[in-house]
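Q: Line by line, the protein sequences are chains A and B.
With our numbering, letter number 318 in the first sequence gets 318, and the count goes up by one each step, no holes.
Start counting at 1 in the second sequence, then tack on 411, and there's your number in our numbering.
FYI, nobody ran anything at the bench for these hints, they're computed from the structure.
Wrong hints could be hidden among the right ones.
[Unchecked claim] List of simulated lysine-lysine pairs, DSS-like, C-alpha gap at most 27 Å:
no.	chain 1	residue 1	chain 2	residue 2
1	A	Lys267	A	Lys94
2	A	Lys8	B	Lys540
3	A	Lys94	A	Lys244
4	B	Lys423	A	Lys401
5	A	Lys8	B	Lys512
6	A	Lys18	B	Lys423
7	A	Lys401	B	Lys494
8	B	Lys494	A	Lys8
9	A	Lys401	B	Lys491
10	A	Lys8	B	Lys534
[Said to hold, decoys possible] Per the computed footprint, the stretches of chain A lying under chain B, defined by three or more beta-carbons under 8 Å from a beta-carbon of chain B, are:
no.	segment
11	171-184
12	296-308
Predicted model only: the values in this text are computed from it and were never measured.
Don't be surprised by glycine CBs; every beta carbon is placed ideally from N, CA and C.
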Amino acid sequence: MTILDGLKLSFSVLRTNKIRSFLTSLGIIIGIAAVIIIMSVGAGAQSLIINQLNSVGTNLVGVLPGASDEEGPPASVFGIVVTTLKYEDAVAIKKQVDNVVAVSSYNSGVGTINYQNNSVDINFSGVMSDYLGVEDTEVYLGRFFTEEEDRGSAREVVLGYQVYQDLFGSDNPLGKRVKIKKESFEVIGVMKERGTAGFQNQDDLVLMPVSTAQKIMLGLDYVNYIRVKINNTENIDRATEDIKFLLRDRHDIRIDGTDDFSVRNTKDAIDTLLTVTNALKFFLAAIAGISLIVGGVGVMNIMLAAVSERVREVGLRKAVGARRFHIMIQFVLETMAITLIGGIIGVVLGFLVAAIVAATANYLGYKWDFVISFTSIILGTGVAAVIGLVFGLYPAQKAAKLDPIEALRYE
Amino acid sequence: MPENIIQVKDLKKDYVNEEVVTKVLYGLNFEIGAGEFLAIMGPSGSGKSTLMHILGFLDTPTSGQYIFKGRDVSNFDDDKLAKIRNEEVGFVFQTFNLLPKTTVYENVKLPLLYSNLGDHDNKVKEAIKSVGLLHRINNLSNQLSGGERQRVAIARALVTSPSVIFADEPTGNLDTKSGQAVMGILEELNNTGHTIILVTHEQYTAQHAIRIIKIIDGHIVSDEKVINRKSSLNGDNFLK
Ligand SMILES: Nc1ncnc2c1ncn2[C@@H]1O[C@H](COP(=O)(O)OP(=O)(O)OP(=O)(O)O)[C@@H](O)[C@H]1O
Ligand SMILES: [Mg+2]
Chain A
1 MTILDGLKLS FSVLRTNKIR SFLTSLGIII GIAAVIIIMS VGAGAQSLII NQLNSVGTNL
61 VGVLPGASDE EGPPASVFGI VVTTLKYEDA VAIKKQVDNV VAVSSYNSGV GTINYQNNSV
121 DINFSGVMSD YLGVEDTEVY LGRFFTEEED RGSAREVVLG YQVYQDLFGS DNPLGKRVKI
181 KKESFEVIGV MKERGTAGFQ NQDDLVLMPV STAQKIMLGL DYVNYIRVKI NNTENIDRAT
241 EDIKFLLRDR HDIRIDGTDD FSVRNTKDAI DTLLTVTNAL KFFLAAIAGI SLIVGGVGVM
301 NIMLAAVSER VREVGLRKAV GARRFHIMIQ FVLETMAITL IGGIIGVVLG FLVAAIVAAT
361 ANYLGYKWDF VISFTSIILG TGVAAVIGLV FGLYPAQKAA KLDPIEALRY E
Chain B
412 MPENIIQVKD LKKDYVNEEV VTKVLYGLNF EIGAGEFLAI MGPSGSGKST LMHILGFLDT
472 PTSGQYIFKG RDVSNFDDDK LAKIRNEEVG FVFQTFNLLP KTTVYENVKL PLLYSNLGDH
532 DNKVKEAIKS VGLLHRINNL SNQLSGGERQ RVAIARALVT SPSVIFADEP TGNLDTKSGQ
592 AVMGILEELN NTGHTIILVT HEQYTAQHAI RIIKIIDGHI VSDEKVINRK SSLNGDNFLK
């Protein structure tokens, strides 16, 4: 008996019992589909995160106050306020570090902005004149702050697009006075519409010079963080080191001392995020994998029933010369055919669902990639076949051991 | 006496089921020559099928020797028995034992799947032709009459050109006419050199054979040549 004979036989048996074969493989179909969905949707979610991070801007290096080890988050994340990072640090980075294109410090707060009878809840940020370069954006109306205005505490704001829409509708906002926390400001510009970047809606922001935010609005002299734009991806690592070196010097930190700041770039952040989300993804896939074992046991159960149903057939085959090995092959192939077909259906189904999820996400405006990986196709079908092999062995062995005389007498 | 194909020496068979020992065959001795047509007769329960299973390598004796073509096969294991069954013998059972929902062609081909013989297609067609069922070749087994089914079973038994064909009550489930047809084919096969071993309890059917061994309660009570041999091959039969 050739493998081809065996396969033909398996498929003819499956064909004559279509519904039963389908029901038998249902557990496998669902299990494989679940694994594929988790892997693909997981990869899609990762792409969403990465796209969001990249939308903040590529070639960015962030400086955060507080020390951090390589993997962990900086102290500021835990609400510990470190006050040593200053506006002057940002200026020094711009002046002294090579390959730096633009630098801005950030101070942020929340408040309500009023214009005549309209008021809107907003986030405001104190930023530097380089902000447009750092964030890769433009003004829609008017102008942005100048370098001179950074330190001048000018009572001027640039409105996010949404804020402008909400407050002014179609009126010209330039030169108008608005109030935030009872302080009065002149509107000098409106930002271009930007949407969401870095999980923050950029259009409900109100921007003001860094000194204005620090002195008038917040009453402090340190910054929350600094962002540095580097001219080229290749220079990021070098610039990161240079910034560290410069800040250590400026903050009088000795060789063996602990930094009071941390420098991060988007590349590192993405790597860290990928490590975490990959672990999560594989953990979920492993749980879904357990359902495959349940499916395999179901297949074994049906195959045991099929063996006792086909005792006469097995007896006849043995009577005409089939050896144990032939019968084994026949039933193992049959089981593998069931699980393999189940696996293929599961893979297709899984990707179908993942594609629908991706399409929906994209429709809702998220940058969600539909990830269809060759590895998961091979893995999905391979695992299904192995399950067929493993759970087909026992029923096949039972069949192979049948005594032909007993089997032929069996009614 | 032609060359012996089968030699049985003091062959005994006991069935042991949960400590209960059933003695079925009590030390049989006989020889069968190549090309013989032997009928084994006896009342129900006398041990005919048991003997045929041992001779046909479906079972092994409890003691004694079974020598087939000079080889002692008494202690062959499962797989060796399967191999020798495939190469040397063909079976025809009372209940046909065809694969359901399977074509005549596929049924006849079955033993070839487990053999090393090539040229399956020709062998299958040749065998089906020799039982006169070429016009039914693509029918499913359950679409055939009883007589036709038994003829398919005969075709299956001879597709590997075995040395011996065993038939256990081949006419038991058939009407007289179909039974005659089946016996005619067996005779024809014997005429072309096949050794046939037929198990039956009908004197009438046994008369087709050349020699009859009678068994009662596991003992051979007579072993004689048939004097008034009957034939279903009276000239022009269904085989054309
Ligand atoms: N597996 C078994 N276990 C115990 N006893 C058995 C077994 N198989 C057969 N026997 C017994 O052996 C005896 C002979 O059985 P066998 O089938 O050989 O008879 P037979 O001559 O073919 O009868 P029949 O004409 O009814 O087919 C019977 O008494 C039967 O009950
Ligand atoms: Mg019997």
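Q: Determine for every hint whether it applies to the structure shown.
A: Hint by hint, here is what the structure shows:
1. A:Lys267 <-> A:Lys94: holds, 21 Å
2. A:Lys8 <-> B:Lys540: Judged against 27 Å, a Cα distance of about 25 Å means the pair holds.
3. A:Lys94 <-> A:Lys244: Within the cut-off at roughly 13 Å; holds.
4. B:Lys423 <-> A:Lys401: holds, 24 Å
5. A:Lys8 <-> B:Lys512: Holds, because 15 Å separates the two Cα atoms, which is no more than 27 Å.
6. A:Lys18 <-> B:Lys423: Answer violated: lysine 18 of chain A to lysine 423 of chain B is near 48 Å, above 27 Å.
7. A:Lys401 <-> B:Lys494: OK: lysine 401 of chain A and lysine 494 of chain B at ~15 Å, within 27 Å.
8. B:Lys494 <-> A:Lys8: holds, 23 Å
9. A:Lys401 <-> B:Lys491: holds, 14 Å
10. A:Lys8 <-> B:Lys534: holds, 20 Å
11. 171-184: The restraint on the segment 171-184 of chain A is violated, since only 0 of its residues have a Cβ under 8 Å from chain B and three are required.
12. 296-308: It is violated, with 0 qualifying residues against the three required.
The structure fails to meet hints 6, 11, 12 from the earlier list, while all remaining hints are met.
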